[in-house]
Amino acid sequence: MIQFITAILTALTTGAIYALMSTALVLVWRSTRIINFAQAGQAVLSTYIGYEVTIRSGSFWVGVISAMIFGALLGAAIDRFFMRPIFKRIQSGPILMIAPVVATLGLLGIIQAVIGFRWGLTYQSLAAPVSTDGFTLFGRVIAFSPFNLLVLVFATVSMLLLTVLFQKTNVGLALRASAHSPEIAKLSGIKVDFIRTLGWSLAGAAGGLAGMLYIPSSYLYPNAMDVLLVFGFVAAVIGGLDSLFGAVAGAMILGFAISFATSYVSEKLVFPMAFVMLVVVLLIKPAGLFSGKKSRRD
Amino acid sequence: MIKLSPTKKRTLFFVALGWALLLIGDRIGELLQYQGSFVAMYALAIASIILLTGYSGQLSLGHSALMAVGAYAGALSINNLNLHPAIALVIATFVAGIFGLILGFGVARLSGPYLAGTTLALAVSLPTLANQFPILGGEQGVVFDVGAPPARFGEDFSMYKWFFWISTLAVLIMLWLISNVVSSRYGRTFRAIRDNETAAALSGLNTGRLKVLAFAISSGMAGLAGGLLVMLISGVSPSAFPLSLSFSLLTGAVVTGVYSLKGVMLGGLVLVAIPEIADSIVTRIGGSEGFTATLPGFLVSALLILAVLFTPNGPGTLLHSFKKHN
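Taken in order, these protein sequences are the chains called E and D.
The opening residue of the first sequence carries number 1 in the working numbering; numbering runs sequentially from there.
The opening residue of the second sequence carries number 1001 in the working numbering; numbering runs sequentially from there.
It is worth saying that the hints were derived from the structure and are not from the lab.
Among these hints, one or two may not hold up.
Stated by the list, open to error - Computed far set for chain E versus chain D, every beta-carbon distance over 10 Å:
1) 3
2) 112
3) 122
4) 133
5) 147
6) 271
7) 286
To be verified - In silico contact screen, one side only, chain D against chain E (beta carbon under 10 Å); selected entries:
8) 1117
9) 1121
10) 1239
11) 1243
12) 1303
13) 1312
14) 1315
Stated by the list, open to error - Derived Cβ-Cβ restraints for the label pairs, each shown as a range:
15) E:89 x D:1286: 29 to 39 Å
16) D:1275 x E:125: 22 to 32 Å
17) D:1286 x E:55: 20 to 30 Å
Since this is a predicted model, take the numbers as computed values, not measurements.
Note that beta-carbon positions come from the ideal geometry of N, C-alpha and C, so glycine has one too.
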């Protein structure tokens, strides 16, 4: 019973962090139609900034806010000064097919190298603001701590805020319209380029938050978020790359699958489970479980 | 003047190249022989990416994992089955090829970013399996020992020269086979699918099956390269196949020009040269430990971006446009 409860709570916590990462990927996919592999680098760089601010100011919360603001600015800058010039340059030719992937991968490498230049490759630890010792349940310590609870609350609140932004505001309408059909959105007077950059900065902020919530349970080093990039991608594909709800649902499905596989079968099943889930979804329902669109040819 | 068919010309070219490399191998020092073996191995791995990306229009970030499959298959067949190293390398090729075939049924039909992401997940998840099975030796890995060079080559035939011979020979044979494949009917159909999948399907090509086939051939090439890589570092472990290896191969392919196999040696040279260049920069200007460790990665990534921006179709196009300007 304890094992079962722990598995559920772990699933929710890991799922919440995957959800932030998959949301970041989906936001960029919706605005630009590319999978942003540099997201891992953006998120980890934002976390380094958050880490520095936390140490200087002594407050984790100031650190979280700085990481999110920095992540948003970095995302906007990357779209404006990196992705857009590249796409302006490469408009035709067979390279067009691989250019987006190659460009974001190259950017990932550069960001991680720059982190290495500045902070080195050593593992840093970021202290959590609340205890990371597990709660006691029926006289036993379980693998769910006050910090995990905090992660869950933060992720849920940010998802709710994002939902409100998308469903209840004009900016959200513009975001949805530009994702659905950029040409028509442009005709209706929406500044599609601005909206696209906004998508990148929202994604950057989500990545920064994901990093600040994930790193206290792990360590901070340049490649710390690579793993989350993979899980975020798997979650986004499970949910259908176009749907924000799908990104969260996919992350939860993945979180539950991994948590139950690791707690009931073997600790080592984390990656194989994620890969199997990815391939199964792609084989059975390649458009994702929650995608409104019929095909994903574009 | 004798007229030769293109196939015979190609064969002659490879024989001549092999001969030249044999002569060169006799005249260079051990370090250059060792580095030359790496150049050949990288050239083959880059060729496997080019076949997949440039000729059949698929993008893989999982070739480091496919190399690992070949490497483990080769190591196990030497250690546990006592097979001859040459047979072990053939087994490495075929096991990786079959693995790629099975994988290809799942993923080769995916389009661009989906395939990239799925193979990325493979590259991250597969090496962790090494800890699952005791036979794979966990983090330490298993040794890969091709044995000393045969006695008939003489006393002063060094291990490095032996490495150089094995890798250049294996790579030349494989590249010869592949260059024949890409100039055959299959190569044309691969390119047709790359350029316009719908049109290719309308012309009666089974595009799904051909994509899987291209994926399997590319995997086999990567498997052989993986076997050669672990021969050169005398052991196979998960850490020999990091994700950054896949990125480096992609960089090599883009620098070479993904639409032609002709420049793969250049790509291999670049990948071997980058750590050396980074080393010399560090000795010249100094720098922290982090700087030293991450400079090669920085150079690889910067090169990748620059190559995509300025020579998207390979250095050949640059030369071409240069000629036009003058």
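Against the structure, the hints come out as follows:
1. 3: holds (22 Å)
2. 112: Label violated. Min Cβ-Cβ 7 Å, cutoff 10 Å.
3. 122: Given a closest Cβ separation of 8 Å, the condition is violated.
4. 133: Correct as stated: the minimum Cβ-Cβ distance to chain D is 28 Å, above 10 Å.
5. 147: Check passes; 26 Å lies beyond 10 Å.
6. 271: violated (3 Å)
7. 286: violated (7 Å)
8. 1117: OK, holds: residue 1117 of chain D within 10 Å of chain E, min 4 Å.
9. 1121: holds (5 Å)
10. 1239: violated (13 Å)
11. 1243: Holds. Min distance 7 Å.
12. 1303: holds (8 Å)
13. 1312: At about 4 Å, which falls below the 10 Å cut-off, the nearest Cβ of chain E leaves the hint on residue 1312 of chain D intact, so it holds.
14. 1315: violated (13 Å)
15. E:89 x D:1286: 29 to 39 Å: holds (36 Å)
16. D:1275 x E:125: 22 to 32 Å: With Cβ atoms ~30 Å apart, the hint holds.
17. D:1286 x E:55: 20 to 30 Å: holds (27 Å)
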